[in-house]
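**Q** Residues per chain, in single letters:
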Amino acid sequence: MSLALEYKTLLERDANFGFPHRVKVEQGMLFFYRQLKLSEPKVICFETPLQLQLAVKQVLRKPQTLKIKNESFEALNTFLKEETAGPRLNRQIWNEISDNAARALKLAFAKEEGLMALHNRLKPVFAKLEGAVQSKLSKHLGEIGEKVELFAHHPHYFDLKWLLHYQGRLADIPHAKALFEVIDAGLMYCYNFENLVLWCPLPRTVNFNPENLELHGEDEPSLAWNEHFQLFHWNGTEVPRKLIEAPNHISRNDFISVRNAEVRRCFQEKLGSERFSQLFDLEKIDEDLDLQGNMQFLYRSKELDNIAKEHLHFAEVTCPSTGRKYFLSVPPQIRNVWEAVAWTFGKTKEEYKPETEL
Amino acid sequence: MIERVDDFKQTSLNETKNRLLVKGEGRYHGHFIVGEAQVYTNEDFGPENLTSHFLNIKQEAVLKHLHIITNQATGEHADLRLPPGKYRVTRQREYNPYAKIIEIIRD
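So the sequences go chain by chain: A and B. Adding 45 to a residue's 1-based position in the first sequence gives its number in our numbering. Adding 26 to a residue's 1-based position in the second sequence gives its number in our numbering.
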């Protein structure tokens, strides 16, 4: 099995196979509450990490403007009308799992080699997934003036990084067995209160590029929970959904309105040079070697752009560190490629003598 | 772009402990300066003043491209060694023909 497929299998919970297994997650969570001598909490599953964030904020009585209507929120509203969630319990659950699962496994199987090796191998992959999710949550919540709430540290899909090392021997440690079953059944994040557990599942779609193990979907999401919460990546860079799902409908303005250079480069890669040139109807008006010996070009659109009411000008340059090519839009009065590149650094072509470019 | 400069007016700048010079958007990547270096941010940084930082490097420092969460090298850039000296970090800009404005290019 390729590494990309291994990681996909590890992190994806395909809905076609009945994931998430809600009953198993609930049973596992009840196990931990029983260990803490607490009565059974209400357990509610939310479809996506964003819905889980909003649910947590609702329980914590934080103001929010984004309202979602579905069965999970109805269940939460009904619960909150009749009962109270009680104090937060994330720390107690963390202690319970830390002492009786993680530490117990280490004691039972002490001096085993490979635990850190597995952890270190999985760490970058988990970090990519976590970075993408947190970035998306920050963006969505930032739009409504909110910040991301920290989910419980245990149970958390990061627990797989060490639980997998003990797979096959977990039955000896009931806490570890319960923890593994909860995550294997589909739990990604949760938030625990004394009388209430809120959780959301791992994504139903996960895609990595087999060549570089970056999040990547050629023509589908890289990460998806449902129709509304999907992320699209091109070699690790988050890109607009339209670029992946409807590249033939990308317009000039779609490209120009993107300010991130890496996202721009993804547009160029995905569309290809020919389509990109066609999109802007470009003609070359100047070219020269840069100081590293790479060709650099200045292009101009053949016709006046209908919206901008001027010719569009692009300098095509090569990053000296990565070798990647970028199209940079420059003012229409520029006629020389050196002048164009110098302008992007706020210099005249006489002043522009780069030593090191990032 | 990093350029060596003869000097810079340290009084007009703010020294920072933050070693992250440029943060990539949406990818949790960034360019970090590692080594004995004083880092100053330029408060006037913007489309008309593209200098984001000045560096005063006491001993050879290294510019690394790292993942912000794992601190592991991304492999996108080789490490860049910077000999002792003073440097200016310049960001790149672009013209938006539709909005008729100049914008800083994001990494």
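Source of the hints: derived by calculation from the structure; they are not laboratory data. Even glycine gets a Cβ: it sits at the ideal position worked out from N, Cα and C. Accuracy of the hints is not assured; some may be wrong.
For lysine-lysine, the following BS3-like pairs were computed, each having C-alpha atoms within a straight-line distance of at most 27 angstroms [to be verified]:
| no. | chain 1 | residue 1 | chain 2 | residue 2 |
| --- | --- | --- | --- | --- |
| 1 | B | K126 | A | K329 |
| 2 | B | K90 | A | K168 |
| 3 | A | K87 | A | K102 |
| 4 | A | K181 | A | K329 |
| 5 | A | K184 | A | K151 |
| 6 | A | K287 | B | K49 |
| 7 | A | K184 | B | K49 |
| 8 | A | K69 | A | K287 |
| 9 | A | K206 | A | K151 |
| 10 | A | K206 | A | K168 |
| 11 | A | K354 | B | K49 |
| 12 | B | K126 | A | K347 |
| 13 | A | K315 | A | K53 |
| 14 | A | K181 | B | K49 |
Per label pair, the in silico range of CB-to-CB distance [stated by the list, open to error]:
| no. | chain 1 | residue 1 | chain 2 | residue 2 | range |
| --- | --- | --- | --- | --- | --- |
| 15 | B | N44 | A | N115 | 39 to 45 angstroms |
| 16 | A | T54 | B | V60 | 34 to 40 angstroms |
| 17 | B | N44 | A | D59 | 25 to 31 angstroms |
| 18 | A | S84 | B | N97 | 24 to 30 angstroms |
| 19 | A | E396 | B | P110 | 20 to 26 angstroms |
| 20 | A | E396 | B | N44 | 43 to 49 angstroms |
| 21 | A | N135 | B | P73 | 40 to 46 angstroms |
**Q** Which of the numbered hints are not met once you compare them with the structure shown?
**A** 4, 5, 8, 11, 17, 18, 20
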